[in-house]
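Q: Per my numbering, the very first residue in the sequence shown carries number 1; after that it's consecutive.
A couple of the hints might just be wrong.
Unchecked claim - Below, in silico cross-link-like pairs of lysine-lysine (BS3-like), each with a Cα-Cα straight-line distance of 27 Å or less:
#, residue 1, residue 2
1, Lys88, Lys30
2, Lys15, Lys88
3, Lys15, Lys30
Claimed, not checked - Per label pair, the in silico range of CB-to-CB distance:
#, residue 1, residue 2, range
4, Ala39, Arg133, 14 to 22 Å
5, Ser67, Arg11, 41 to 49 Å
6, Phe3, Ser33, 13 to 21 Å
7, Thr58, Gln141, 30 to 38 Å
8, Arg11, Met80, 22 to 30 Å
9, Arg115, Asp62, 13 to 21 Å
10, Gln100, Gly6, 24 to 32 Å
11, Gly6, Thr55, 40 to 48 Å
It is worth saying that the hints were derived from the structure and are not from the lab.
From the three backbone atoms N, C-alpha and C, an ideal C-beta is built for every residue, glycine too.
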Amino acid sequence: MAFFVGSHEQRIDRKGRVSVPALFRDVLGKDASFYAFPAFSHHGVLCNTANYMDTLCTDVDDLATFSDEQDHLSWAIFGMSHVLTPDKEGRVSLPGALCQHAEIEDMVVFVGTGRSFQLWAPAHYRVQQSQVRDRVLADRQALRRRPQANPSPVRPVESGT
């Protein structure tokens with residue numbers, strides 16, 4: 001299985017189109033369409049394959065039917081999603097609502113996150129990248145200091161004599 005990796009800054013042309021990085025198109029495969037919706041907790045745009053959206057759909061369906069949680073997630077994910085299909089040159093047109101949410105203007109950064117990817121305005125991406133790096137470093141240091149669970153004591157093997 002292939003994954004979305006790396007960060008790739010791309011220019012948006014006068015018609016509002018941007019080239020999807022070739023590495024990402026390779027992961028997307030023959031039907032290079034993907035789904036994009038505003039992130040919940042930051043200025044980025046979340047982009048997912050149809051398979052990943054199917055997983056999200058299953059996860060939302062597992063919530064209590066007609067619950068506020070199910071309704072809100074359904075609206076936030078599926079109601080705000082846009083299907084983006086690259087043209088024969090590998091370009092997509094970014095919807096205005098997504099650009100407005102992410103404050104994307106003339107440049108966009110495609111950021112691989114494994115099974116999905118994100119779109120960012122370069123300035124927001126640099127800030128987020130710095131904050132994430134700091135959090136990872138702090139988390140890594142905290143994990144090193146975390147005490148291990150009590151290991152079971154090693155008991156000597158008794159001889160039968």
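Q: Quick one, are Lys15 and Lys88 close enough, alpha carbons at most 27 Å?
A: Given that 27 Å is the threshold and the Cα spacing comes to 16 Å, the pair holds.
Q: Tell me if the beta carbons of Thr58 and Gln141 are separated by a distance inside 30 to 38 Å.
A: Since the Cβ atoms of Thr58 and Gln141 sit about 36 Å apart, the hinted range of 30 to 38 Å holds.
Q: Just to be sure I understand the hint, the distance between the Cβ atoms of Arg115 and Asp62 should be within 13 to 21 Å; is that true here?
A: 19 Å Cβ-Cβ, so the 13 to 21 Å window holds.
Q: Please check whether Gln100 and Gly6 have a Cβ separation lying inside 24 to 32 Å.
A: Holds - the Cβ-Cβ distance for Gln100 and Gly6, about 26 Å, lies within 24 to 32 Å.
Q: Has the hinted range 22 to 30 Å been met by the Cβ atoms of Arg11 and Met80?
A: holds (26 Å)
Q: Hint says 41 to 49 Å; check whether the CB-CB distance for Ser67 and Arg11 agrees.
A: holds (43 Å)
Q: When you take the CB atoms of Phe3 and Ser33, is the distance between them in 13 to 21 Å?
A: Once the Cβ atoms are compared, 18 Å apart, the range 13 to 21 Å for Ser33 and Phe3 holds.
Q: Given the hint of 40 to 48 Å, check if Gly6 and Thr55 actually sit that far apart at their C-beta atoms.
A: violated (23 Å)
Q: Can the restraint linking Lys15 and Lys30 be considered satisfied, given a maximum Cα separation of 27 Å?
A: Answer holds: Lys15 to Lys30 is near 25 Å, not above 27 Å.
Q: Is the hinted pair Lys88 and Lys30 satisfied, with a Cα-Cα distance of at most 27 Å?
A: Within the cut-off at roughly 11 Å; holds.
Q: Given the hint of 14 to 22 Å, is the C-beta distance from Ala39 to Arg133 inside that range or not?
A: Given range 14 to 22 Å: holds, Cβ gap about 18 Å.
Taken one by one, the earlier hints fail for this structure only at number 11.
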